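Undergrad: I would like the entire structure built from these sequences, with the hints used as guidance.
Take the sequence shown: its position 30, counting from 1, is numbered 30 in the working numbering, and each next residue is one higher.
Just so you know, these hints were derived from the structure itself, not from any lab.
In this text, all values refer to a predicted model and were calculated from it rather than measured experimentally.
Please note that the accuracy of each hint is not assured.
[Stated by the list, open to error] Taking lysine-lysine pairs in the PhoX-like style, the calculated list, with each CA pair at most 25 Å apart, reads: (1) Lys-26 / Lys-38; (2) Lys-38 / Lys-54; (3) Lys-54 / Lys-85; (4) Lys-54 / Lys-26; (5) Lys-85 / Lys-109; (6) Lys-85 / Lys-26; (7) Lys-38 / Lys-109; (8) Lys-109 / Lys-54.
[What the hints assert, rightly or not] Simulated restraints, written as ranges between beta carbons of each label pair: (9) Ala-126 / Asp-168: 23 to 29 Å; (10) Thr-154 / Lys-54: 22 to 28 Å; (11) Phe-135 / Asn-45: 19 to 25 Å; (12) Phe-194 / Arg-141: 15 to 21 Å; (13) Ala-126 / Gln-200: 30 to 36 Å; (14) Ile-167 / Glu-39: 24 to 30 Å; (15) Phe-198 / Ser-69: 33 to 39 Å; (16) Lys-85 / Arg-133: 25 to 31 Å.
No residue lacks a Cβ here, since even glycine has one placed at the ideal position from N, Cα and C.
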Amino acid sequence: MAATTTTTTTATAATATGTATRPRLKQRYDDTVRAELKESLGLDNIMEVPRLSKIVINMGVGRATQQKSLIEGAMRDLEIIAGQKPVVTRAKKSIASFKLREGQEIGAKVTLRGDRAWEFLDRLLAMAIPRIRDFRGLSPRSFDGHGNYTFGVTEQLIFPEIDYDRIDTTRGMDITIATTARTDDEGRALLAAFGFPFRQENQ
Numbered sequence: 001m002a003a004t005t006t007t008t009t010t011a012t013a014a015t016a017t018g019t020a021t022r023p024r025l026k027q028r029y030d031d032t033v034r035a036e037l038k039e040s041l042g043l044d045n046i047m048e049v050p051r052l053s054k055i056v057i058n059m060g061v062g063r064a065t066q067q068k069s070l071i072e073g074a075m076r077d078l079e080i081i082a083g084q085k086p087v088v089t090r091a092k093k094s095i096a097s098f099k100l101r102e103g104q105e106i107g108a109k110v111t112l113r114g115d116r117a118w119e120f121l122d123r124l125l126a127m128a129i130p131r132i133r134d135f136r137g138l139s140p141r142s143f144d145g146h147g148n149y150t151f152g153v154t155e156q157l158i159f160p161e162i163d164y165d166r167i168d169t170t171r172g173m174d175i176t177i178a179t180t181a182r183t184d185d186e187g188r189a190l191l192a193a194f195g196f197p198f199r200q201e202n203q
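TA: If you want it as structure tokens, here you go:
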């Protein structure tokens, strides 16, 4: 919570003085990464260089069908992690075997764009991922064919903003990093340029 408070206070002060702090990774992208990618990918136009588009964090709460309070906990955790109010996700159809009804609340989701997305990516790489237990790298194959990358984490406690003593249960989430890349290779090159911890795989 302390980290969240500090971030909020800094943002408020910047707004009050009419100045805005440029996200560190965004500054790095503009200063060096963009030009390096243009050369390494053999692109003719700087506007063709892939960039971060948005980040979507989805937290499913299957047990919410029996215990509605779990949705409230997921919403609270996700807002602390993302710094933005999430929305409730609902079942698109009924599934009797899972006691699931169409329209029932089953999770929470938040979409980050602009500076918020860059700031979250920075925190993810610098603080959250290094806290994953027994971490051996992320799969370099989890792209969707269009340069967007999705991976899952098993617990929200990897984010230092979460107070262990105040959580109701551990819960995982899926994080999708959407880019403007045209291919998976371009998307992989963009994330690798920021030091994304892809694991080495034998060919």
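Undergrad: Range first: 25 to 31 Å. Now tell me if the beta carbons of Lys-85 and Arg-133 are that far apart.
TA: At roughly 29 Å between Cβ atoms, Arg-133 and Lys-85 fall inside 25 to 31 Å, so the hint holds.
Undergrad: Check the following: the C-beta atoms of Ala-126 and Asp-168 are separated by a distance inside 23 to 29 Å.
TA: Because 27 Å falls inside the window, the suggested range holds.
Undergrad: Regarding the pair Lys-38 and Lys-54, is the alpha-carbon distance no greater than 25 Å?
TA: Cα-Cα ~21 Å, so holds.
Undergrad: Below or equal to 25 Å on CA atoms is what counts here, so check Lys-85 against Lys-26.
TA: Measuring from Cα to Cα gives roughly 23 Å; hence the hint holds.
Undergrad: Quick one: are Ile-167 and Glu-39 within 24 to 30 Å, going by C-beta?
TA: About 46 Å separates the Cβ atoms of Ile-167 and Glu-39, which means 24 to 30 Å is violated.
Undergrad: How does the Cβ-Cβ distance of Phe-135 and Asn-45 compare with 19 to 25 Å: does it lie in that range?
TA: With Cβ atoms ~37 Å apart, the hint is violated.
Undergrad: Within 33 to 39 Å or not, the Cβ separation of Phe-198 and Ser-69?
TA: Since Phe-198 and Ser-69 have Cβ atoms about 38 Å apart, the given range 33 to 39 Å holds.
Undergrad: For Lys-38 and Lys-109, compute the direct alpha-carbon distance and say whether it is at most 25 Å.
TA: Between Lys-38 and Lys-109 the Cα gap is close to 33 Å, so the pair fails against 25 Å, i.e. violated.
Undergrad: Just tell me: holds or violated, for the beta carbon distance of Thr-154 and Lys-54 against 22 to 28 Å?
TA: Taking Cβ atoms as reference, Thr-154 and Lys-54 lie about 23 Å apart, which means the hint holds.
Undergrad: Below or equal to 25 Å on CA atoms is what counts here, so check Lys-54 against Lys-85.
TA: Distance of about 16 Å is within 25 Å: holds.
Undergrad: Between the beta carbons of Ala-126 and Gln-200, is the distance compatible with 30 to 36 Å?
TA: Because 21 Å falls outside the window, the suggested range is violated.
Undergrad: Does the alpha-carbon distance linking Lys-54 and Lys-26 stay inside the 25 Å limit?
TA: 13 Å, holds
Hints 7, 11, 13 and 14 from the list above are not met by this structure, while the remaining hints are.
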